[in-house]
Amino acid sequence: MNLRKEFTKGFVKENPVFIMALGLCPTLAVTSSVENAIGMGLAATFVLTCSNMIISLIKNLIPDKIRIPCFIIVIASFVTIVDLSMNAYKPEIHKSLGLFIPLIVVNCIILGRAEAFASKNKLLPSLLDGLGMGLGFTLALVLIGSIREILGAGLWLGMKVMPDAYIDSPMLVAILAPGAFIIMGLLMGLIKLVNKGK
Amino acid sequence: MSFITQIFTLAVFAVFVNNFVLSKFLGLCPYIGVSKKIDSAVGMGMAVIFVMTMASTFTWLIQEYLLIPYQLEYLQTIAFILTIASLVQLVEMVIQKTAPSLYKALGVFLPLITTNCAVLGVSILNIQENYNFLGAILNGLFSGLGFTLVLVLMAGLRERLEKSEVPEAMKGMPIAFVIAGCMALAFLGFSGLNF
Numbered sequence: 001m002n003l004r005k006e007f008t009k010g011f012v013k014e015n016p017v018f019i020m021a022l023g024l025c026p027t028l029a030v031t032s033s034v035e036n037a038i039g040m041g042l043a044a045t046f047v048l049t050c051s052n053m054i055i056s057l058i059k060n061l062i063p064d065k066i067r068i069p070c071f072i073i074v075i076a077s078f079v080t081i082v083d084l085s086m087n088a089y090k091p092e093i094h095k096s097l098g099l100f101i102p103l104i105v106v107n108c109i110i111l112g113r114a115e116a117f118a119s120k121n122k123l124l125p126s127l128l129d130g131l132g133m134g135l136g137f138t139l140a141l142v143l144i145g146s147i148r149e150i151l152g153a154g155l156w157l158g159m160k161v162m163p164d165a166y167i168d169s170p171m172l173v174a175i176l177a178p179g180a181f182i183i184m185g186l187l188m189g190l191i192k193l194v195n196k197g198k
Numbered sequence: 199m200s201f202i203t204q205i206f207t208l209a210v211f212a213v214f215v216n217n218f219v220l221s222k223f224l225g226l227c228p229y230i231g232v233s234k235k236i237d238s239a240v241g242m243g244m245a246v247i248f249v250m251t252m253a254s255t256f257t258w259l260i261q262e263y264l265l266i267p268y269q270l271e272y273l274q275t276i277a278f279i280l281t282i283a284s285l286v287q288l289v290e291m292v293i294q295k296t297a298p299s300l301y302k303a304l305g306v307f308l309p310l311i312t313t314n315c316a317v318l319g320v321s322i323l324n325i326q327e328n329y330n331f332l333g334a335i336l337n338g339l340f341s342g343l344g345f346t347l348v349l350v351l352m353a354g355l356r357e358r359l360e361k362s363e364v365p366e367a368m369k370g371m372p373i374a375f376v377i378a379g380c381m382a383l384a385f386l387g388f389s390g391l392n393f
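Same order as they appear, the protein sequences are chains A and B.
Numbering of the first sequence is given in the numbering used here, commencing with residue 1 and proceeding in unit increments.
Numbering of the second sequence is given in the numbering used here, commencing with residue 199 and proceeding in unit increments.
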């Protein structure tokens, strides 16, 4: 098995957000700024990598019929770890991500990879798959977050990137809920167009 | 404020102002995934209303009488998701035995609901917002209604869309997102409501 392929497929070719349309709720909810997007992406990457590892290690012990509840318990444990440590070390990001930290449990990317990949593969490929998919997710979040923050506030990671006149009256809708949906739709259309052109 | 006014306010806020899908971004996967036909949208919506109300009830009781007395609040995520998963399983079995026709209509959607973040979301929000027992149940019910409303509206729009000319690259999911954006824009108007 080609390990490098397992790692890099999540970036573009099988990007969980744009190609497979998984994990949409956090994608739209936390991308009003790049900082939140990075925080969410890394939290999900950690949970995804760890749960993939554990599940690929214990896959032979889990009875087939109750595998989904078992996966969910493994995932929920790691989410609790992230929740508590983020609260302790990065309270501001924890506060602005709020509800969406515990909701990593029901992020379909994580359960999807557990079911589709980690429960069928060995430790190392599962680890790389989790890491790659997590980073692909982070990449997508940062891309959407950048567009929304630049259009909606004229900032990028808090730095000014647009002229002062724009920052005074930015395209506020990009930061609000409707902008998230519209930008997501246009981006998906663009990616489809590029993929078809190849 | 009288009791009835309170309930009315709660309902309007849960359905329109803080709509789960369009302003909180919860439950997007079924919103985009199951909104191709009105029939299945209604089925999914009913199942979600049912499970959200039940989940609000049980998770509130668990938080109040199990997690808080034993100081286990940090186990909230695990406890809630387990409650919801087993609840969905139980509901599925009960409906299958008692109401086969209802099971036929909702059956395929029930397993999907475990990973619907709206259900876990409403359970956690009920605790965060300090609702009392009745408030939690009603919030679950009305949030579910709000979800169903926009899901069915969306399905109606997408059925019409089938016949219209959409650029090749925008077909399917991309255009669905843009429409959702326009709906969110309309719902944003409700945020000016004041009681």
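Derived by calculation from the structure, the hints in this document are not laboratory data.
Among the hints, erroneous ones may be present.
Stated by the list, open to error - If you want the footprint, here are the derived chain A segments under chain B, 3+ residues with CB under 8 Å:
id, segment
1, 89-97
2, 161-171
Unchecked claim - In silico DSSO-like cross-links for lysine-lysine, where the CA-CA straight-line distance does not exceed 30 Å:
id, chain 1, residue 1, chain 2, residue 2
3, A, K13, A, K120
4, B, K302, A, K9
5, A, K196, B, K295
6, B, K234, A, K13
7, B, K369, A, K65
8, B, K361, A, K192
9, B, K235, A, K192
10, A, K13, B, K369
Even glycine gets a Cβ: it sits at the ideal position worked out from N, Cα and C.
Status of each hint after checking the structure:
no.	hint	in the structure
1	89-97	violated (count 0)
2	161-171	violated (count 0)
3	A:K13 / A:K120	holds, 21 Å
4	B:K302 / A:K9	violated, 39 Å
5	A:K196 / B:K295	violated, 48 Å
6	B:K234 / A:K13	holds, 26 Å
7	B:K369 / A:K65	violated, 37 Å
8	B:K361 / A:K192	holds, 21 Å
9	B:K235 / A:K192	holds, 23 Å
10	A:K13 / B:K369	holds, 20 Å
In summary, the structure is inconsistent with hints 1, 2, 4, 5, 7 from the numbered list given earlier, while agreeing with the others.
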